[in-house]
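Place chain B on chain A using the hints.
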Amino acid sequence: MDDKTIREKVKAYITADLIRDPDYPLQDDEGIITGGMMDSFALAELAVFIENAFGVYIPDPDLTVEKMDTLNLIVARIMRDIQ
Amino acid sequence: MTFNLTFIAIFVIGGYIYSLILPKTWRKWVLFITSVLTVYVLQSPLLVRHMDFILPTATLLLVTLVWALTASQISRRDIITIVVLMMIITGLALMRLLPSEWRIFTASRPPDPFTVFLVIMPILVFTLFIHRQITPKTQPFILSIAILFIVIAFIILKTESLANALSAWLRQQEGRDPSFANPLTDLNWLGFSYVAFRLIHILRDRQTGKLPDIGLRDMHTYIIFFSSLTAGPIDRIERFQGDLDALPDMNGRDPARIVEGTTRIVVGIFKKFVVADSLALFALNTTNIEHVTSAGGMWILLYGYAFRLFFDFSGYSDIAIGIGILFGIRLPENFNRPYLRNTITAFWQSWHITLSNWVRFYIFSPLTRTMLRWRRKPSSDVIALIGLMTTMIIIGLWHGISLTFFMWGVWHGMGLFVHKIWSDRTRKWYNQFKKKEGQLRLWNWAGIFLTFHFVVLGWVWFALPDVSMAFSVLGKLFGVGF
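Protein sequence lines correspond, in order, to chains A and B.
Position 35, counted from 1, in the first sequence is what my numbering calls 503; the numbers after and before it change by one each time, with no gaps.
Position 392, counted from 1, in the second sequence is what my numbering calls 393; the numbers after and before it change by one each time, with no gaps.
With the rest of the complex left out, here is chain A (with noise of 0.2 Å):
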């Protein structure tokens, strides 16, 4: 799976699922955390929706605002362990 396909597939979930607001123009760099989109329960949600959908576990410690807080982080995250 490239990066292409991941981004979009996490960008629809966070989007429709964690947002809701499915037509929400969410930026590859955007603070999704820190801009108050999401908070650490959605961070649970979203490590799961990881899961299912590529395969990848991130440990708890690594589901913080530093680590998760933009697209580009994420989609660097689940990468790197695809890879």
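Calculated from the structure, these hints are not laboratory results.
Treat the hints with care, since some could be wrong.
[Stated by the list, open to error] From the structure, some residues in chain B lie toward chain A, with a derived Cβ separation under 8 Å:
# : residue
1 : R50
2 : R237
3 : T346
4 : F362
5 : L373
6 : R377
7 : A385
Please read these numbers as outputs of a predicted model, since none were measured by experiment.
Don't be surprised by glycine CBs; every beta carbon is placed ideally from N, CA and C.
Frame of chain A, contents of chain B only:
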């Protein structure tokens, strides 16, 4: 005993000598030995015989045991560390032979050094034996047992009735009157709350394969690092190890680092010993509430308590972080302007940050992820409610297992849940609303006011020892019950 101005002055002068004079290769050993000695020095005197020597020693043995359970191999340096540890412990016991004014490292006269040696030696040998017996197959189970053991010890020490029973039993063993049992004077184990959480972090990260390889000396330094031993911050081992590894290359004479560390300590001293101690005079407590005759007066006590708590704890964190900087260890921040946050979620990302993170990593996240994986899972809102309530109740009970701390946890769990429901359902509207700059500013200020008062009202549960007193104060804040 906690930090007082004398200890802070010793650490500051020690930090300057360490930075300016000490050979770079000695730095890690100095941090280790200072930390081990601090475990004994800061332990307050206890009334059960030798307990103020036994508990610090138990901390060191517990850390050694956890290291043995998690280490992948034993190096020559680890053996040297065990020998040094043994020498320090028996050396401290040897101080029994000195006159009392020379026994500066222990709270009271230590036990007989020969007995100490005979007890400690087999325990350390047994620890190394356990290390050899662990296989990849048995390790997860043994680590779970170790976590359970720490949790049980924590529950016993934090539950008044259980700690009281243990204290009475210990007194009985000495043939003394158990009716004078008091955990505060008999079993006050310095830094155990923080040590326990760091140990669980190590054990759990080994289970999930996240723990880096770390030697015994560095693990001790991490768990009992002298500036964060008694009141945090709760660092993470991989971050702390990075700082330790950078110590031999650190420029000890870097003026920017020394000025930064010193300034941080001075700011912390001012916050803790000037501002917080002054506010303590009119902060909410069982005595002050007796003298209040109006709702306004009660609010002043509550504001006094809220700011005293903040300046005391954040001042303490500043001192710990400042001392850490002087020694080349950059401990994580614990506070980030918490009373200026416009939501309760943002408050918990900026108040006692390292404790909140710990609980999020090891309780909230695994719990909610497990529920989210269930085939027949409850709704997302129910999972959030269970996760938030459990997390906040555990944070409450970590301070002491009592009904008031439980209520404080429930208060914040409910606050976080209500905010989550609200923000999930208004996010679309808010994304449009936040484009209106003037109104947004007003909205943010309203949020800060509301969040601050929610937190402040919650402190009533935290400050008072029983529920009926807390209800009475909450009533009086709104003019009921005078």
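Here is what the structure says about each hint:
1. Residue-level restraint check for R50 (chain B) is violated (minimum Cβ-Cβ distance to chain A is 41 Å; threshold 8 Å).
2. The interface hint given for R237 (chain B) holds, since its Cβ lies 7 Å from the closest Cβ of chain A, which is under the 8 Å cut-off.
3. Taken as an interface hint, T346 (chain B) checks out: its beta carbon lies about 5 Å from the nearest beta carbon of chain A, inside 8 Å.
4. Interface hint at F362 (chain B): satisfied, since its Cβ lies 5 Å from the closest Cβ of chain A, which is below the 8 Å cut-off.
5. Annotation: L373 (chain B) was flagged as interfacial toward chain A, and the flag holds, the nearest CB pair being 4 Å apart, inside 8 Å.
6. This hint is violated: R377 (chain B) has a C-beta 15 Å from the nearest C-beta of chain A, more than the 8 Å allowed.
7. A least Cβ separation of about 5 Å between A385 (chain B) and chain A falls short of the 8 Å threshold, and the interface hint therefore holds.
Checked against the numbered hints above, the structure violates hints 1 and 6; every other hint is satisfied.
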